[in-house]
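S.K.: Each chain, written out:
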Amino acid sequence: MLAGFFPPDLSLSYLAALTVPLMQTISMAAGGMLIACLIGLPLAMFVGAQVRGARLAYGLLSGLRAIPDLTLAILCVVVVGIGPAAGMLALAIFYAAMIGKVFADLFLAADWRPIEALRSVGATRLMVAFYGLLPMTLTNLVSMGCYSFECAVRAAVIVGAVGGGGLGAELVGTINAFDYGRATTLIILLVIVVSALDSLSWLLRRHPRAVLLLIPLGLAALWANWPETLALRHAATTIGGMFPPALPLPALQALPRLLLETAFIAGAGTLLAAVLAVPLGLLAARNLVPAPVAMATRMLLEVLRAVPEVIWGLVLVTLVGVGPIAGVVALGLHSVGVLGKLYAEACENVRRAPVQALEATGARRLAVACYAILPLASAPVAIHTLFRLEWNLRAASVVGMIGAGGIGQALYNAQQLFFYDQMMAYVLITWAIVLLADALSDWTRRRLGWATVIA
Amino acid sequence: MPLLPTAARLVALAVLLLVAAIAAPEAAARDSIRVGMIPDAGSTQVSVEEKAPLRDYLAKAMGQSVELIIPTNYNATVEALGNETLDFAYLGGLTYIKAHQLYGVVPIVQRDADREFHALFIVRSGLPIQSLQDLKGRTFAFGDINSTSGHLMPFEALRRAGIDADKDLKYRYTGSHPATAKAVETGAIDAGAIDESVYQAMQKDGKLDGAKVRVFFTTPPFVDYVWVGRMQVDAAVRAKFGEAFLALQPGRDDRILAILRGNKFVRATDDEYDTLRRVATDLKLF
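Chains as they are written, first to last, in this note's numbering: chain X, 1 to 455; chain W, 1 to 286.
Just chain X, same shape as in the assembly (with noise of 0.2 Å):
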């Protein structure tokens, strides 16, 4: 069946074909990433600023960014309807919350004194925010903005994947026709998008003006997504019917059934990709092995962690069957690209002097590598991995709605068959499991003293 996903369809033809969506997918990115910059930017400063109220903004921005991208899609589709402006919605809304966060926990570490400074010459708080938190966290700011745009263009073909259009309903489509050559074709398409990004963003850091460039690129997005009919009225029936959320009794005895099989996909899937990422990470670590070597593992890393855990599942699903074993490959083949990239810099980056001396007694490469890089990388090596499973307990929520099964799939269902109120109270149960392990994970770290990493 594997077979069938090859040759891509590369017929002129369908390349022009692809041009709206690729553009849907692209402008929704950049549409979304404007408002979010507009909501997001003001609400970090206001936090930042530490004016009253800002604890209640920052906890409001840690909750929304606890729902998962593709629930806020699913919310976004059923209250615009199909198409762009449901996906530029969501995307706006969950970026505008990740903006706002990361933005103001960079605010809340930036130096404090030139800030007394402007405090003692009695600058009002927002003035302090605007002359001091905002020119002295440039920098950090276009790499996390930069960084968030590539996420976003990734996250704009999931939420195609529930009805937002371009790529990834196009994706869905060929998939469920059977048309795997397009399919793959749209792969390759996604590949090369993300990899053109990861150049920009390296152009941006460098020069962090040009990204006002980008405004006209995003306003542009707006103008063209916009949707056509604000149907306000059907959309507050619609949000008036999530309420108040309800499961009938067969659903709630269910319920421990499928978050287990959700917490199930992300434990086996981290674990899959932390096996996995081992040898892959020493073979691409350049003080390990051969520079060729080095260079096409992480090739091949480069282009797992390119396509979204949903995408991989979207074609799992396919392979090897509905079920929670689809899900668990999909988390681990992107997980891998993660984790063996981090893994390889974990390593690269080790204290030289335990491994020269081993290097000395004359131990093979192999030995070096077990019994000196490998215990030296541990630590990072185990921070990453956490985060991966913090990560991967939300995909895990998300790739339950195209298959997987466990509580995104019961979620999806109750979507599909216009059970609103039942859709809310997952979204909600979905929504306090995914605060409470970042909690756990927050807690566990600082338990052990690691160092908070942002994103």
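Careful, some of the hints might be misleading.
[Said to hold, decoys possible] Which bits of chain W does chain X cover? Going by a derived footprint, with three or more residues having C-beta under 8 Å, they are:
# : stretch
1 : 76-82
2 : 124-133
3 : 263-271
[Said to hold, decoys possible] Keeping only pairs whose Cα atoms sit at most 20 Å apart, straight-line, the calculated EDC-like set for lysine to aspartate or glutamate is:
# : chain 1 : residue 1 : chain 2 : residue 2
4 : W       : K167      : W       : E156
5 : W       : K207      : X       : D9
6 : W       : K284      : W       : D274
7 : W       : K170      : W       : D112
8 : W       : K60       : W       : D31
9 : W       : K284      : X       : D9
Derived by calculation from the structure, the hints in this document are not laboratory data.
Even for Gly, the Cβ is constructed at its ideal location relative to N, Cα and C.
Given chain X, put chain W in place with the hints provided.
M.R.: Frame of chain X, contents of chain W only:
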């Protein structure tokens, strides 16, 4: 700090443009008719193109430009009628009763075959499955969760045969009828339930290998697909839309009839769907 005032001005400009963007589409009235179809073969650029003759025919009959839209799934098609993205749509029986209850959509026309429609249970040739009971423990494919001939009525047939799909089958939703047929043909899934007209059309067009799949059960007849209009669309426009379908003639309009997989269209009414409503309510799908 020269950057900040510039940034502030840009933000102001952005807000102004944003306001303009909100205001502009309100003013521009829409002059094309939007027709939606539940996805019968996945919603892709290709499948919209395949239906271009239908779009052109409707445009000519209505004297207005027509946009043909195939949403990602059945639910989205109904919601698009609710939020007024679509004016007309092709719905299945179950999606129709939901759209009627939620948004009061009006039934217009349907194929004569839709009044006595059947769902087929298909299985990969060679598997020892002769009756619904033999499905116990097998993998099984339903179409979209909102499909009448791909989920609702087959589910009911299974229930009547004493099979509890939740306990006795390992089932999944493939999202569309052709996907179900393909999943059974390739052996990814043992058996499945499918719309009879899609099954026949796929065999005729050579999209399905008749030697690899066989039908082992046909459901009793029920009412299925229907073309509907939004209540707010002018009654005269709705009537014109219906006439376009009623005027279709075998021999003259074969290309369009092939896309619609039908021979003859008749007027549709809401009370045909009462039985379907009862079944859907019993199965807690409505």
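S.K.: Evaluate each hint against the coordinates.
M.R.: Each hint tested on the structure:
no.: 1; hint: 76-82; verdict: holds (count 5)
no.: 2; hint: 124-133; verdict: violated (count 0)
no.: 3; hint: 263-271; verdict: violated (count 0)
no.: 4; hint: K167(W) / E156(W); verdict: 15 Å, holds
no.: 5; hint: K207(W) / D9(X); verdict: 18 Å, holds
no.: 6; hint: K284(W) / D274(W); verdict: 15 Å, holds
no.: 7; hint: K170(W) / D112(W); verdict: 35 Å, violated
no.: 8; hint: K60(W) / D31(W); verdict: 14 Å, holds
no.: 9; hint: K284(W) / D9(X); verdict: 42 Å, violated
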